[in-house]
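K.L.:
The residues making up each chain are set out below.
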Amino acid sequence: MDVFGSFALLLAFVCAAYAFLGGIAAIRTRHPLLIKSARQAGMATCGLIFLATFSLEYLFFTDNFSVAYVVSHSNRDLSTFYKIAALWSGMEGSLLFWSFLLAIYVLSVLITYRNKNGELMPYVGVVMAGVQLFFLTLSNFVESPFKALAAAGPDGVMSFITRQDGNGLNALLQYPEMVIHPPNLYSGYTGFTIPFAFALGALLARYPGEKWIHLTRKWTMIAWMFQSAGILLGAHWAYAVLGWGGYWGWDPVENASLLPWLTGTAFLHSVMMQEKRGMMKVWNVWLVFTTFLLCILGTFLTRSGVVSSVHAFAQSNIGPWFVAFMGITLAICLGAYLKNRDYLASENHLDSMISRESSFLFNNLLFLVACIAVLSGTLFPVFSEWFTGNRISVGAPYFNRVNIPIGLLILFLTGVGPLLAWRKTSAESLKRNFGWPVLTGVAVGAVAFALGFRVFFSVVCLSLCVFVAATILLEFYRGARVIRARSGASYPACAIDLTMRNTRRYGGYIIHMGMVFVFIGLAGAAFNRDVQKSMQVGQTLQIGPYTLMLQGADTKPEQNYTAQRMLVEALHDNKPIMMLFPEKRRFAGNNQENGTMVAIYSTWKEDLYVVFAGIDPETKEPVIHAFLNPLVKWIWFGGVVVVFGTIVALLPNRRSVLVLAPSQQPSAVEPLPPALTSSVALREGHD
Amino acid sequence: MVESNFNRPDFSLARESLAWGALARGPWRETKMKKQAKFGIGIGIIVVALGFLAWLGYGESKTYYHTIAELQNLNSSARAQRMRVGGTVAVGSIRRMPGRVDFVLEGEGKALPVSYAGSDPLPDTFVDKSQALVEGHLGPDGRFVAEHVQAKCASKYEAAPGGDTKGAAGSATQPSSR
Numbered sequence: 001m002d003v004f005g006s007f008a009l010l011l012a013f014v015c016a017a018y019a020f021l022g023g024i025a026a027i028r029t030r031h032p033l034l035i036k037s038a039r040q041a042g043m044a045t046c047g048l049i050f051l052a053t054f055s056l057e058y059l060f061f062t063d064n065f066s067v068a069y070v071v072s073h074s075n076r077d078l079s080t081f082y083k084i085a086a087l088w089s090g091m092e093g094s095l096l097f098w099s100f101l102l103a104i105y106v107l108s109v110l111i112t113y114r115n116k117n118g119e120l121m122p123y124v125g126v127v128m129a130g131v132q133l134f135f136l137t138l139s140n141f142v143e144s145p146f147k148a149l150a151a152a153g154p155d156g157v158m159s160f161i162t163r164q165d166g167n168g169l170n171a172l173l174q175y176p177e178m179v180i181h182p183p184n185l186y187s188g189y190t191g192f193t194i195p196f197a198f199a200l201g202a203l204l205a206r207y208p209g210e211k212w213i214h215l216t217r218k219w220t221m222i223a224w225m226f227q228s229a230g231i232l233l234g235a236h237w238a239y240a241v242l243g244w245g246g247y248w249g250w251d252p253v254e255n256a257s258l259l260p261w262l263t264g265t266a267f268l269h270s271v272m273m274q275e276k277r278g279m280m281k282v283w284n285v286w287l288v289f290t291t292f293l294l295c296i297l298g299t300f301l302t303r304s305g306v307v308s309s310v311h312a313f314a315q316s317n318i319g320p321w322f323v324a325f326m327g328i329t330l331a332i333c334l335g336a337y338l339k340n341r342d343y344l345a346s347e348n349h350l351d352s353m354i355s356r357e358s359s360f361l362f363n364n365l366l367f368l369v370a371c372i373a374v375l376s377g378t379l380f381p382v383f384s385e386w387f388t389g390n391r392i393s394v395g396a397p398y399f400n401r402v403n404i405p406i407g408l409l410i411l412f413l414t415g416v417g418p419l420l421a422w423r424k425t426s427a428e429s430l431k432r433n434f435g436w437p438v439l440t441g442v443a444v445g446a447v448a449f450a451l452g453f454r455v456f457f458s459v460v461c462l463s464l465c466v467f468v469a470a471t472i473l474l475e476f477y478r479g480a481r482v483i484r485a486r487s488g489a490s491y492p493a494c495a496i497d498l499t500m501r502n503t504r505r506y507g508g509y510i511i512h513m514g515m516v517f518v519f520i521g522l523a524g525a526a527f528n529r530d531v532q533k534s535m536q537v538g539q540t541l542q543i544g545p546y547t548l549m550l551q552g553a554d555t556k557p558e559q560n561y562t563a564q565r566m567l568v569e570a571l572h573d574n575k576p577i578m579m580l581f582p583e584k585r586r587f588a589g590n591n592q593e594n595g596t597m598v599a600i601y602s603t604w605k606e607d608l609y610v611v612f613a614g615i616d617p618e619t620k621e622p623v624i625h626a627f628l629n630p631l632v633k634w635i636w637f638g639g640v641v642v643v644f645g646t647i648v649a650l651l652p653n654r655r656s657v658l659v660l661a662p663s664q665q666p667s668a669v670e671p672l673p674p675a676l677t678s679s680v681a682l683r684e685g686h687d
Numbered sequence: 001m002v003e004s005n006f007n008r009p010d011f012s013l014a015r016e017s018l019a020w021g022a023l024a025r026g027p028w029r030e031t032k033m034k035k036q037a038k039f040g041i042g043i044g045i046i047v048v049a050l051g052f053l054a055w056l057g058y059g060e061s062k063t064y065y066h067t068i069a070e071l072q073n074l075n076s077s078a079r080a081q082r083m084r085v086g087g088t089v090a091v092g093s094i095r096r097m098p099g100r101v102d103f104v105l106e107g108e109g110k111a112l113p114v115s116y117a118g119s120d121p122l123p124d125t126f127v128d129k130s131q132a133l134v135e136g137h138l139g140p141d142g143r144f145v146a147e148h149v150q151a152k153c154a155s156k157y158e159a160a161p162g163g164d165t166k167g168a169a170g171s172a173t174q175p176s177s178r
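Residue numbers (our numbering), protein chains in the order written: chain P, 1 to 687; chain S, 1 to 178.
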């Protein structure tokens, strides 16, 4: 099966090369058969990547310990779930998995548009094939996942060997989120290839108008949704497994996942400027290019260890490949832009400071500055070594100082932006839209201050959250009221009706609401507390209103590891609430590895987070480290809301025949969704 | 015509933007310049303020990477900087004492005695022969006083550096709550 897999991979490489080179030839000659064959080669590439991926999974499931990758990432006792996940637990498999997810996107695109957009698709196909070609080159010739295990015999001759059992999966990875977090994040990384391919293709083809934006909107949102979910799942994983009490540490690998999300989010907003007002065309194209490059950079940072390691590039040989690929891609983007930039001229200009346009502009500016700040902080060790010879890193204070104000400004714009009118907003409408939300926000801030919450940023954040939530609820209420006036249905039914009429706009509001919840959770971090104590059985530890009593300890052998558990009873105001079992896991396998399992009692108000930190070497007593982290649950809940909102926004609008006629705009390529334009009415008081 | 209310302004929007287009090409150019200047100032203020914050944060948290061999050749001002040093934990050197852990880091044939007195428990991966990254200051006696210790289990991470999948190794073994 390993031979089968590597042949599939090699054939995939050949097909991708054909799709790429044949595609270029097809564009040159415009020969219909050549175009068709290039497209079919693209499809075959995807099919062969699927085959290769499945054969690697097959090797894991059949415990084939003659393959090096299987030996280093699996063992016989590993459960089924983690055998699936073992695919992406190392570099070689991750690269194949990248190709696999990309192939799903590419195949969907090729099939969806096989008979449409004949002018554009050959270009898009070539760009997608180019990206696939790069990853297949790595998988075939640099980091092959199908490499057979070989060892030098006593006579010094290398020969293939088969091991009895594998080394097992890294202990830190044996957690349920290992199965869902990387696929989500990678689906985000790979998914941005599609808007990139369309943007570059449209630029190369001088494809008219905003059509590429309309075509790629859903693909971008799908990628964005996976990216958002992936980031939050990663944060949750770090929170639940690593045992340091936090979920985000500005680690290079975390930053790498945030970077394309920042530019991707900026892009999702600024495309509206292009759709509605024909502005920011150059900007949008470059945002997509940047997002894609950051996705590649993210994969590179995660895989190469260039930043976190003490010795740059020492640990991996894929670094130069990635740098070269990013360089070539950037050069092609730049070339295409310089050649065809005239077709990206803006049709309109900014009119007023207080307008939807300017809110989008500032939104984009802030996302971009955040991105630059995070990027330069992450790569600081690399650049400082180049320029000064000293490897200097920056830590959390740097990232927090810049990004907390940016986050709050963006949160503010989240509330303000959607309610400002295009072009110019009147003072009267400002008062009507923002009067109540501002009052509630300020009131809540004042109450929080009076109650003794004196951390500036947290109080501001809380105020802003209430303000934004109020604007969103007001929007739903107003829209629902209009519908209710006619249909007479209940408010919730009207709100659902309203949402389904314009899924993009109201789905967007739901996403904003989700982000508000995330921010509420982030604001809580300023009030984190922790206590650490070495305890005997029967002793207690006090943290906030909670009392922890150590009841005992036990050892539990599991299939793949042995768990040493502490039995801790948690009491709230001296009333027992639950038993917590923080544990240390000692994994079988060649490396005697440990893992930490945090026990969390989570409420909407706070998380009681208990870690068994080890045995005190002096007293031989277990050390319990307890954290009280307020509002953390809101972050995970916000993530769920964001994903739900994105799904809503992806749904087609409910058809409404009556409204189609008047909303036709003469200049638009496609009629805009009717309710979108109607939103202006509700807001500006033209009715 | 149930929906008419929703859509009426659409006309007005289209009409207005047409009219505006004509105006913008006409004598309104000067105000356009003014507006662009206003935007420029707004953007400038934001960027400068954030740049200042970045500079503050940089000053607070910059940390120099050094190898163990480099430490001996540093001048006095460089010795005072906050730094990160990587190396391999010498076999049998870990001595746990009340409130502090002493060990020796080895690299490039040199050795560096380290004292760790942080409040966080040392990571699970911190054992003999593991690769450790210590962060803190160099004491006057040549002993490194570490505030944070990260450790990687050497045998496991050699093949897949930089963390097995996101978040796993890079941040994974970090005990600090920063």
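Quick caveat, the hints were computed from the structure, so don't treat them as lab data. We treat Cβ as the ideally placed atom computed from N, Cα and C, and that holds for glycine. It is possible that some hints are incorrect.
Computed, partial: chain S to chain P, Cβ under 8 Å [as the list claims (entries may be wrong)]:
(1) Lys34
(2) Lys35
(3) Gly40
(4) Ile41
(5) Ile46
(6) Lys62
(7) Tyr65
Straight-line distance between alpha carbons at most 20 Å, and here's what the computed EDC-like set of lysine to aspartate or glutamate pairs gives [claimed, not checked]:
(8) S:Lys62 with P:Asp554
(9) P:Lys620 with P:Glu558
(10) P:Lys620 with S:Asp102
K.L.:
Using Cβ atoms only, decide whether Tyr65 (chain S) comes closer than 8 Å to chain P, and label the hint accordingly.
P.N.:
4 Å, holds
K.L.:
If you draw a straight line from the CA of Lys62 (chain S) to the CA of Asp554 (chain P), is it 20 Å or shorter?
P.N.:
Given that 20 Å is the threshold and the Cα spacing comes to 44 Å, the pair is violated.
K.L.:
Less than 8 Å between beta-carbons is the criterion; does Gly40 (chain S) satisfy it with respect to chain P?
P.N.:
Violated: closest Cβ of chain P sits about 11 Å from Gly40 (chain S), beyond 8 Å.
K.L.:
Is Lys620 (chain P) within 20 Å of Asp102 (chain S), Cα to Cα?
P.N.:
Holds, because 18 Å separates the two Cα atoms, which is no more than 20 Å.
K.L.:
Does the structure keep Lys620 (chain P) and Glu558 (chain P) at a Cα separation of 20 Å or less?
P.N.:
Violated: Lys620 (chain P) and Glu558 (chain P) sit about 25 Å apart, past 20 Å.
K.L.:
Under 8 Å, Cβ to Cβ, is where Lys35 (chain S) needs to be relative to chain P, so tell me if that hint holds or is violated.
P.N.:
Status holds, d = 6 Å.
K.L.:
Taking 8 Å as the limit, does the beta-carbon of Ile41 (chain S) come near enough to a beta-carbon in chain P?
P.N.:
10 Å, violated
K.L.:
Minimum Cβ distance from Lys62 (chain S) to chain P below 8 Å?
P.N.:
5 Å, holds
K.L.:
Holds or violated: Lys34 (chain S) as interface residue toward chain P, Cβ cutoff 8 Å?
P.N.:
11 Å, violated
K.L.:
Is the interface hint satisfied for Ile46 (chain S)? The criterion is a beta-carbon contact with chain P at less than 8 Å.
P.N.:
Hint on Ile46 (chain S): holds, closest Cβ of chain P at ~7 Å, below 8 Å.
Consistency note: the structure conflicts with the earlier hints numbered 1, 3, 4, 8, 9.
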